[in-house]
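Given chain R's structure and the hints, the job is docking chain W onto it.
Chains as they are written, first to last, in UniProt numbering: chain R, 1 to 288; chain W, 1 to 302.
For the record, the hints were derived by calculation from the structure and aren't laboratory data.
Being a predicted model, the structure only gives us computed values, none of them experimental.
Yeah, the Cβ is synthetic: ideal placement off N, Cα and C, and Gly gets one too.
Take every hint as true, because none was put in to throw you off.
Only pairs whose alpha carbons sit at most 20 Å apart, straight line, appear in this in silico EDC-like list of lysine to aspartate or glutamate:
no., chain 1, residue 1, chain 2, residue 2
1, R, Lys106, W, Glu280
2, W, Lys263, R, Asp37
3, W, Lys290, R, Glu274
4, W, Lys263, R, Asp39
5, W, Lys97, W, Asp48
6, W, Lys116, R, Asp275
7, W, Lys263, R, Asp46
8, W, Lys290, R, Asp39
9, W, Lys95, W, Glu280
10, W, Lys290, R, Glu113
Label-pair distances were calculated between CB atoms; the ranges are:
no., chain 1, residue 1, chain 2, residue 2, range
11, W, Asn197, R, Val229, 55 to 61 Å
12, R, Gln227, W, Glu280, 51 to 57 Å
13, R, Gly277, W, Pro23, 35 to 41 Å
14, W, Asp62, R, Asp169, 38 to 44 Å
15, R, Gly277, W, Ala70, 48 to 54 Å
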Amino acid sequence: MSQPVVTHFFDEPTNTFSYVVQDPSSRACAILDSVLDFDYAAGRTDVRSADAIIDFVRANGLEVEWVLETHVHADHLSAAPYLHETLGGKTGIGAKITVVQDVFGKAFNAGTEFARDGSQFDRLFEEGDTFTIGHLEGRVLHTPGHTPACLTYVIGDAAFVGDTLFMPDYGTARCDFPGGDARTLFRSIQKVLALPDETRLFLCHDYKAPEREAYQHETSVAEQRQQNVHVHEGISEEAFVKMRSERDATLGMPRLILPSVQVNMRAGHMPPAEDNGQVYLKVPINTF
Amino acid sequence: MKTFALSQNTGAGTPDVAGFFDPNTFSVQYVVSDPVSRKCAIIDPVHDFDETSGATATHHADELLAYVQAQGLEVQWILDTHPHADHFSAAQYLKEKTGAPTAIGEKVVEVQELWKGLYHWPDFPAEGSQWDRLFAEGDTFRIGELEARVMFSPGHTLASITYVIGDAAFVHDTLFQPDFGSARADFPGGDAHQLWNSIQSILALPDETRLFTGHDYMPDGREPEWESTVREQRETNKHLVDVSEDDYVAMRNERDSELPMPKLILHSLQVNIQGGRLPEPEANGKRYLKIPLDALEGASRE
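So here's chain R without its partners, still in its complex pose (with noise of 0.2 Å):
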């Protein structure tokens, strides 16, 4: 099978792992899960973030054929325009978005300018899909259960699992936001388990389990599936879907949720500028 070569960036702020993802017999790559860097208390955006992996893409002389998303995040800004515009690609992520559009379109009041339809981005990815990097063969697994959109993406040997599992002693996304279905989770969970017990796999986030010291983000199907502390073998889908949804009712919000999904489902782009040219978030006083 062939082995991409992936090379991980990470955002401290965010706990987010983004990742460029080459074929090691062309010059071609990917980029997942771009950040887009935010200061909400001053309103900055910054795109030093984007930019590292920019000078990485440039200084290895690689040809960026996608930008893509694992699935709408409620923790950062992507940062997909920028690096599309800088670098080329297409952009993709999960069809299902047009779900998490219509909800968030609702919620943050946007403008009839906003298509609920995923036409922001150049491809949507349905289960099964397949699509190339170069001469690496990628395939797309619907994985629902942290948001209704999320995607996994299987890069040969390697899978970019968004937020389904983490690392194995900090153990599986949440399933509380809106959309989000934790018995749906586990289901999602078990298609990347059934990828072969040597696959790569590549987490979204890592947010350090206690007593350990350094981040990391990656692991194996194997090791998920002897030693993840929520969905090791042996927890059935009751007890996971009864541990997730009590842990979930003790989490807070993410603390960029609001900026982030109202930018998100618009593929990263700012909602329009007011006539004065300038552009603003919005925060929907009490209604999540």
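Only chain W this time, still in chain R's reference frame:
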């Protein structure tokens, strides 16, 4: 954690001062009462807000109302010292509950003008009509039999005022407790020289004047405190002892350049320049705050 303290009156013409600490925003709210007439004023009340979820609540304001009721007080004034950048004012909520008039410093119109542009509210009346009274330097008013006087104290904001009520002065964001120092002066309209001059005017009050500050950040993990005296501040304030005006301004500007913006500044000002009113609902019946992107000058990175 200590979140309440009562500072008893010190004789005829002086108020009882109940302080209520909000650990979420490190703010101190006050109920200042005339022990003779049982009339009171509420100063700098907090309307709770969670910026992560966008949820508002009235826990702190309701706590003030419960105290007023339990003590048999009557609210005569709802006062703000300035348009706050770190919390929403509960003035409007308390006015709806008590019917008492609201007030703030008259220079609030300049703050309104400044932020009206940032929020792009071309039709917003930047004229202070959102309050029942606008106070100028030297204005006086009464709380029952207590005499109250207004000192204009700009620097932290260009509209900040100090309320001197009997032997008590509500200095809000000028001086903090002596072990913490003084307020920052880098928000739009702030000025370290002006803050120094305002602090000098406060320190010219009688030595035993009780000073009640607007925030406490609990240095070295100590319990919250909010009361000091002019004498204590003059003798021990860490930003002022043996410090010249020029030294102070240099220290203040250098320190401010390293501070991140308060996490609610963009959320708060749009509520507080409307006297504590939330934005009007959109056509779907929901209210939205606006966060201008890449518009606030001089903000240091988090």
